[in-house]
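Engineer: Going down the list, the protein sequences come from chains A and B.
As numbered in our numbering, residues 1 to 82 make up the first sequence, in order.
As numbered in our numbering, residues 1 to 190 make up the second sequence, in order.
Just so you know, the hints here were simulated from the structure itself, not pulled from any lab data.
Yeah, the Cβ is synthetic: ideal placement off N, Cα and C, and Gly gets one too.
No false leads were mixed into what you were given.
Here are the in silico distance ranges between beta carbons for each label pair: (1) B:L66 - A:P29: 27 to 37 angstroms; (2) B:T40 - A:R7: 17 to 27 angstroms; (3) A:S2 - B:L66: 46 to 56 angstroms; (4) B:D132 - A:A26: 12 to 22 angstroms; (5) A:D19 - B:L66: 39 to 49 angstroms; (6) B:D13 - A:D19: 45 to 55 angstroms; (7) A:P29 - B:D45: 19 to 29 angstroms; (8) A:T25 - B:R25: 34 to 44 angstroms; (9) B:A24 - A:T25: 32 to 42 angstroms; (10) A:S2 - B:D13: 51 to 61 angstroms.
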Amino acid sequence: MSDERLRLSYDRLLALRADGGQDRTACPPIDRIAALVRREEDEDQRLTLLDHVMACPFCQAEFELVRAASRASGEQAAPVES
Amino acid sequence: MGRYVVFMESQPDAISEALDAVVARFASRVRVIGIQHSLTGSDVDDLVQEVRVRLWKALESGEKILAAPASYIHRTAVSAALDVLRRRRARRETPARLSRPSGVALLGESPGADAPMENEELQRQIGAAVDDLIPGRRAVVKMYLAGYDRLEIADLLGWTEPKTRNLLYRGLADLREHLTAMGIGPEAIQ
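Using the sequences plus the hints, can you model the full thing?
Structural biologist: Here it is, written out as structure tokens:
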């Protein structure tokens, strides 16, 4: 199975989980998601947190919003399309 | 939404123009970045509005807004994003990530309604196979499958690119091995 097919399948899995509703009881607090973006925790903690965030369609959306805010306003901000 | 309308109508032009300049630059960057990882339009709009209000309240003059250092804008933007997310969680209104970047299907993809393996059970089996990976490789594989490239993964984990590549390749090989053992081969997803 190609990487792209695996990605497509995983994408559908996350969509299924999103359709299943918002049970956020296992989700980390927002401050930990921010810490993940800032790489403030040690490697084991980051791996554990990413393990959840990348499998949760809601946490992943939150992670991306913080990351986008950080990258868009940081010194290494993404280039703007002309 | 109402408070934003009142705010926009009551501010002097000089402040408005300065805000527009700073916020437009930020908004453009957020949109470019957001496309890569499927932020929704409402994500971007809520964040940009929150940043606008915060800058206006804190700086109150066009000159101060234009002269605000990048570090200040950065802190304001991240803090604004966190507040947007806290409010959403409090209201239980967090939107899920979008499927596939920009909702674009794979080139050549034409799944039929009766595609044999295209069902929920297959997706769940693949999820289970990913969960069976050893911890050091599992998060890396999940990030990759969720659409992040090797450099992004390396950056987020503070790893070198070669280390990231090594763990990713080993993780993907393990995953394929797991899937094959489960009877899920290359033909599984049409």
